[in-house]
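Enquirer: Each chain is listed here by its residues.
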Amino acid sequence: MIWETVRLALRSVRRNALRSFLTLLGIVIGVAAVIAMLTIGSGTTEKVKADISQLGSNLLIVRAGRPAAPGSGPQQTIRQFGDKEVAALTAHLEGVRAVSPASQKQVRVVFGTESLTSSITGTDNAYLDARDWKVASGRSFSESEVRGGVNVCLIGETVRQQFFGSGDPDGAAIRIGRVSCKVIGLLEPKGYSGFGQDQDNVVLMPLQAFQRRIAGNRDIDNIYVAADDATPTQVVQTRIEDIMRDVRRVTADREDDFAVRDMTQIADAMASATATMTGMLGAVAGVSLLVGGIGIMNIMLVSVTERTREIGIRLAIGAHEKHILIQFLVEATVLSLLGGLIGIAIGLALAGAASLALSIPFAPSLAVVLLAVGFSALIGMVFGFFPALRGARLDPIEALRHE
Amino acid sequence: MDTAPLIVFDKVWKTYGQGEAEVRALAGIDLAIGQGEFVAIMGPSGSGKSTAMNIVGCLDTPTSGRYGFMGTDAGRLDRNRRAVLRNLYIGFVFQGYNLLPRTTAAENVELPLIYRGVAAHERRALAMKALAEVGLEGREHHTPAELSGGQQQRVAIARAIVTRPTLLVADEPTGNLDTARSHEIMQLLTSLNQDAGLTIVMVTHEADIAAYAGRTIAFRDGHIASDTKKREAA
Ligand SMILES: Nc1ncnc2c1ncn2[C@@H]1O[C@H](COP(=O)(O)OP(=O)(O)OP(=O)(O)O)[C@@H](O)[C@H]1O
Ligand SMILES: [Mg+2]
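Chains as they are written, first to last, in our numbering: chain A, 21 to 423; chain B, 3 to 236.
Only true hints are included.
Label-pair ranges, simulated between beta-carbon atoms: (1) B:A227 x A:I417: 20 to 26 angstroms; (2) B:G19 x A:R34: 40 to 46 angstroms; (3) A:F382 x B:G140: 54 to 60 angstroms; (4) B:E124 x A:D415: 27 to 33 angstroms.
Over 12 angstroms on every C-beta distance to chain B, these chain A residues come out as not near it, computed from the model: (5) T110; (6) S135; (7) G168; (8) G185; (9) D249; (10) A250; (11) P252; (12) Q257; (13) I263; (14) A272; (15) T294; (16) L321; (17) V393; (18) M401.
Partner residues are not named here, just some residues of chain A that face chain B (Cβ under 7 angstroms, in silico): (19) E330; (20) A336; (21) I337; (22) E341.
Hints listed in this document are in silico derivations from the structure and should not be mistaken for laboratory results. All C-beta atoms, glycine included, are put in the ideal place defined by N, C-alpha and C.
Chain A extracted, bound-state conformation (with noise of 0.2 angstroms):
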């Protein structure tokens, strides 16, 4: 008996298919939206959770400025990191692996005809260690590069394919904003990381030749820290904090002036955002569920006007009220079903193709299909349900009348 109606209700749906898509782009839209949102989420959050692992979590990130909550306000003045903070650290900081300087600007890159905004970093050979980055071919600076602020640099896979396709960089010129920079070194391959960033667009220069010709000041905006293997980041966060207090000056009664972050706090702070994103993703995928449940009502109304007869004919023939609101109502299911599955389909395309963009893992929950599964058919049954009692609630005589 269900199977009949079911069978009954599809051959319906075919019989008025581009009406019944149309009716369904709400439905498809909404659970398309939520699909592919929860799953470029979970992949989102995997590769965050791979990549912290990768750095190995022992990284540390001291920055000037409070130690302010996640997502609060710009703050008015920051006292800068000068040279002494990180002299001060390579002196007395024990139980580390690297410390390392880290100035960052976004800047135009320019070879030949070619052009690409690039992150610059000005930093020393320390930084590579602290993030365990390699090069891949080339070298790394040298002493007195480092120490003279010479312009050479090295680049990532993204600007070496920008510029030389699959050629060696080594010993090329590249326009860094204004300033000339030979190519010393190629930087292994990273992709992506869980931040949508992408990791091989960038170029490392010495410090100081960064705060030269490309900052134009003696900033530091980051020191980066790893922890060696045997000491905790938790013990290196205090020594951090003791030192810099100290050579700060910052005294017991004031606030940190500077703020020191580990990468699962930063992977919080990631994730806060995430959420924020999902939920208002997850606001417009509700309204156009709603939006597709009253379009799923109004065909069914359309529906059960233009087959009033055809519901004269059943109750004549001895159907209960019963049977004619099932048939009606399963109608509106196989209905909104149809879109649910459409829409899953679309959404877990839609993850697929922006995990292949970003280099994240595609990470389909069968949870959450099942969900939308679940979702769609009750939506089809809570706004199928009025038109379907109005079917059953029909007169037969005055249905059997009806053209």
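Since the structure of chain A is already known, use the hints to place chain B with the ligands on it.
Expert: Structure of chain B with the ligands alone, referenced to chain A:
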């Protein structure tokens, strides 16, 4: 064997509207129809024939008075109970055939069996048999649009008899058919009445169609004007 009549009208009134606009479609009808009868109902347009048929077929209930069907007080049953009565004991044939469009003859005939909960293969077999009885072998998979008027009415009759009902209610079954087709349908109904003992109540405007029936009741203004039985001589 003398049993209680199948159909009993006891001072049945049916009125539509209120006050000034009140229409008395049936004005105190008394009537009894026995099992196995073939009754033709005649009368001018608006005299209440269809109204009476709807009550006989348990589609409608009287405004006042009592309608008894198979010993039950059918006029007082709720719509779902009347639906069960219709499904179990009554077949309908309408002037406009009333088949489901884009649905094959066999599927149309199966319809009442679906609401009885008959299994699919059994349903199909019963539908084929009923279609054969009305002379439509080979047309089982045609849709109404692919059938002539007479053939469509045969499908409707097959649908009405597939449940082996006690009563067949037919409101102007030949109203849309030409003379030759009309007589074919009437021969079919006559044989269902005589061979299967099916009780038939039929509305018609034509005397030669009414002549197939054993009893003719004439309506006028919601009253019964005459009620005549044919002599069992011919
Ligand atoms: N639903 C209704 N509402 C109001 N008046 C109705 C309704 N149904 C029937 N009537 C009225 O009741 C009277 C009897 O109608 P009925 O349909 O029984 O006539 P009939 O004998 O079948 O006529 P015809 O030969 O034209 O089919 C008519 O005056 C009609 O206008
Ligand atoms: Mg009539």
